[in-house]
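Number of protein chains: 2
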Amino acid sequence: MARSAADWRPEKCIGEYRLAGCEVTTGCPAMSIAQAVELGAQSFVLGFANSGGHLDERYLSHVMAALDAGMDIISGLHDKLTNYPELVNKAREMNAQLIDIRHPTTRFSTGRGHKRTGKRLLTVGTDCSVGKMYTSLSITRYMHQQGMHATFRATGQSGILVAGEGVAIDCVVADFISGAAESLSPDNDPQHWDIIEGQGSLSHPAFAGVSLGLLHGSQPDALIICHALNRSHMRALPHVPQPTLEHTIELNLTAARLTNPNVFVAGIAVNTSSVSDDEALAWCRKTSEQLGLPCADPVRHGVAELVARL
Amino acid sequence: MARSAADWRPEKCIGEYRLAGCEVTTGCPAMSIAQAVELGAQSFVLGFANSGGHLDERYLSHVMAALDAGMDIISGLHDKLTNYPELVNKAREMNAQLIDIRHPTTRFSTGRGHKRTGKRLLTVGTDCSVGKMYTSLSITRYMHQQGMHATFRATGQSGILVAGEGVAIDCVVADFISGAAESLSPDNDPQHWDIIEGQGSLSHPAFAGVSLGLLHGSQPDALIICHALNRSHMRALPHVPQPTLEHTIELNLTAARLTNPNVFVAGIAVNTSSVSDDEALAWCRKTSEQLGLPCADPVRHGVAELVARL
Numbered sequence: 001m002a003r004s005a006a007d008w009r010p011e012k013c014i015g016e017y018r019l020a021g022c023e024v025t026t027g028c029p030a031m032s033i034a035q036a037v038e039l040g041a042q043s044f045v046l047g048f049a050n051s052g053g054h055l056d057e058r059y060l061s062h063v064m065a066a067l068d069a070g071m072d073i074i075s076g077l078h079d080k081l082t083n084y085p086e087l088v089n090k091a092r093e094m095n096a097q098l099i100d101i102r103h104p105t106t107r108f109s110t111g112r113g114h115k116r117t118g119k120r121l122l123t124v125g126t127d128c129s130v131g132k133m134y135t136s137l138s139i140t141r142y143m144h145q146q147g148m149h150a151t152f153r154a155t156g157q158s159g160i161l162v163a164g165e166g167v168a169i170d171c172v173v174a175d176f177i178s179g180a181a182e183s184l185s186p187d188n189d190p191q192h193w194d195i196i197e198g199q200g201s202l203s204h205p206a207f208a209g210v211s212l213g214l215l216h217g218s219q220p221d222a223l224i225i226c227h228a229l230n231r232s233h234m235r236a237l238p239h240v241p242q243p244t245l246e247h248t249i250e251l252n253l254t255a256a257r258l259t260n261p262n263v264f265v266a267g268i269a270v271n272t273s274s275v276s277d278d279e280a281l282a283w284c285r286k287t288s289e290q291l292g293l294p295c296a297d298p299v300r301h302g303v304a305e306l307v308a309r310l
Numbered sequence: 001m002a003r004s005a006a007d008w009r010p011e012k013c014i015g016e017y018r019l020a021g022c023e024v025t026t027g028c029p030a031m032s033i034a035q036a037v038e039l040g041a042q043s044f045v046l047g048f049a050n051s052g053g054h055l056d057e058r059y060l061s062h063v064m065a066a067l068d069a070g071m072d073i074i075s076g077l078h079d080k081l082t083n084y085p086e087l088v089n090k091a092r093e094m095n096a097q098l099i100d101i102r103h104p105t106t107r108f109s110t111g112r113g114h115k116r117t118g119k120r121l122l123t124v125g126t127d128c129s130v131g132k133m134y135t136s137l138s139i140t141r142y143m144h145q146q147g148m149h150a151t152f153r154a155t156g157q158s159g160i161l162v163a164g165e166g167v168a169i170d171c172v173v174a175d176f177i178s179g180a181a182e183s184l185s186p187d188n189d190p191q192h193w194d195i196i197e198g199q200g201s202l203s204h205p206a207f208a209g210v211s212l213g214l215l216h217g218s219q220p221d222a223l224i225i226c227h228a229l230n231r232s233h234m235r236a237l238p239h240v241p242q243p244t245l246e247h248t249i250e251l252n253l254t255a256a257r258l259t260n261p262n263v264f265v266a267g268i269a270v271n272t273s274s275v276s277d278d279e280a281l282a283w284c285r286k287t288s289e290q291l292g293l294p295c296a297d298p299v300r301h302g303v304a305e306l307v308a309r310l
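Top to bottom, those sequences are chains A and B. Under the working numbering, the first residue of the first sequence is numbered 1, with each subsequent residue one higher. Under the working numbering, the first residue of the second sequence is numbered 1, with each subsequent residue one higher.
In short, the hints are calculated from the structure, not lab data. Only a predicted model underlies this, so the values are computations on that prediction, with no experimental measurement involved. The C-beta atom is built at its ideal place from N, Cα and C for all residues, glycine as well. It is possible that part of the hints are untrue.
[To be verified] If you want a taste of the chain A side facing chain B, the calculated C-beta under 8 Å gives, among others: (1) 78; (2) 109; (3) 113; (4) 208; (5) 275.
[Unchecked claim] Below are the SDA-like pairs computed for lysine to any residue, each with C-alpha atoms no more than 20 Å apart in a straight line: (6) A:115 to B:239; (7) A:115 to B:233; (8) A:80 to B:43; (9) B:115 to B:191; (10) B:115 to A:239; (11) A:80 to B:115.
[Claimed, not checked] Where chain A lies over chain B, by a calculated footprint (3+ residues, C-beta under 8 Å): (12) 20-28; (13) 99-112; (14) 157-171.
With the rest of the complex left out, here is chain A:
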């Protein structure tokens, strides 16, 4: 989540606040809360994610310090900041905001399945955290460069932090998943593309329900299949193997046809960060030939090929 903001909204990022033992970085300069405030920082973002979206209480003292320094707090966790009385009291005292961006504030309807005007692309994946959001943002940016009409539709806390709006679809009450997804990409101009950030995977035992409701509600015209190289198992579940690309295509097309019989796969977006440039290119060429679809790493190769079929 922190990295997303630093990569996609660098103009809004002043620095990073690191705890002892932290092994990753956004690339932003490390600084204290006091230094950040001096440089103009107005918000303190809890930039981490974990399965279940739990707020570990050992972080509360840092949140209190940021509030004390006059900052608003932004969290993308399931555990709400506003459920901690000490934070609520401190925020009131400092006239600061506690912003739980994962928690929808809208009242949703159940899905209707009616065909909406405009075009929609959804990124889906072999697994969680394989690059669906980066691919969606890259495609939207490229489309804008080409003069196409397109809107990125955020469906998770990181995407919402980047876009400034959206619905964290995994935090919606289950009955309203597809209804919330429908509301996220309403009727639009016939040539307009909604580029909808996918979530989870139909092959993930924990999160497939979220993925399916999002797929049905998005009624995509086009799918991009996202994948990451060299994973031995599904995220956080060492006993669950990764699905093949072929199986992922088949599962998603079968499910997507329920709300859009004309859905097609536009290409494969792959996170190749675990291999060399040459290996990445070779893997993409081989996969493209095998599946008869464009295949590229959005970060290394761009998304021109993936957009070509749209």
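Dock chain B against chain A, hints included.
Just chain B now, kept in the frame of chain A:
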């Protein structure tokens, strides 16, 4: 929901409270709130359901009257009784309880997909409201009559009202659907059957996400496919056709294999209430031959055939 309580817990039902224009009945004697209290009624159940689980404000005066008469209130709606200050104040005044049985009070984990001990059966359907709960309750009762060890696991408000416990899976935060389903049927004796009430349908554009998360978390050994005769379209969606039984079997087996590769279909349970006895029997025989599976209407024919393959 009212009918479920009257059919499956008749010893707990004293009467029904009807509004002008009501066209259905539970079979319980109609009475006023005052009469019900005089006969010993302690709870006033909002026995209706609607898509979205909305509490129409025109019912509030009746709820207030029941509170005034000293009754607790039980609701299975998404809209919480406890969100209405006038109800909360009145309940406090009368020392009465407002019980929102659809809303989980447990903190769930995300799904793990680990194989659990014991056996599990899940009812799945071509559509919503095709008899998944009645079939599950019928199977549990029949198993008990046969001396088998079995537990009905409620996953919706009506089932919870009947069983006295359970989790309304469609009211869980989307990220926790399959985790909640896992917690509902924990490790058990090798010969014990959990009979898990299904929800929605993988072919329903509004609710398939709930159905899929429940399917993955339940990791069923056996599926019973539930169906209702003579429906022209999916519930509440006139533009969405019903899936075939063959497609429903294929969709559910494919998805269920993710968490239990050995899953099988034990039979077809069909609601034949729209046709004659003879037509019902003929339809079941024909379907049984076509699919090579037992097929019966649990209400008309019992469930012995459906349990035979377990």
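To see whether the hints hold, each was checked on the structure:
Annotation: residue 78 of chain A was flagged as interfacial toward chain B, and the flag holds, the nearest CB pair being 7 Å apart, inside 8 Å. Here the hint on residue 109 of chain A is kept, as its CB sits about 6 Å from the closest CB of chain B, short of 8 Å. A cut of 8 Å between beta carbons decides the hint on residue 113 of chain A: the least distance to chain B is about 3 Å, and the hint holds. Interface hint status for residue 208 of chain A: upheld, as the beta-carbon distance to the closest one in chain B is roughly 5 Å, under 8 Å.
Checking residue 275 of chain A against chain B by beta carbon gives a least distance of about 28 Å; that is not within 8 Å, so the hint is violated. Annotation: proposed proximity of residue 115 of chain A to residue 239 of chain B holds, straight-line Cα distance about 10 Å (limit 20 Å). Simply put, residue 115 of chain A and residue 233 of chain B have alpha-carbon atoms about 16 Å apart, close enough for the 20 Å limit, and the pair holds. For the hint pairing residue 80 of chain A with residue 43 of chain B, the CA-to-CA distance comes to about 34 Å; that exceeds 20 Å, so the pair is violated.
For the proposed pair residue 115 of chain B and residue 191 of chain B, the alpha carbon gap of about 15 Å is at most 20 Å, so the pair holds. A hinted pair counts as satisfied when its Cα atoms are at most 20 Å apart, and residue 115 of chain B with residue 239 of chain A qualifies at roughly 10 Å. This hinted pair does not check out: residue 80 of chain A and residue 115 of chain B have alpha carbons roughly 32 Å apart, beyond 20 Å. Figure legend: the region 20-28 of chain B, annotated as covered by chain A; annotation inconsistent (0 residues with Cβ-Cβ distances under 8 Å, at least 3 required).
Only residues whose C-beta sits within less than 8 Å of a C-beta in chain A count toward coverage, and the region 99-112 of chain B has 4 of them, enough to reach three; the restraint holds. Proximity of the region 157-171 of chain B to chain A, defined as three or more residues with a beta carbon under 8 Å from a beta carbon of that chain, is established by the 3 residues found.
Of the numbered hints listed earlier, those contradicted by the structure are 5, 8, 11, 12.
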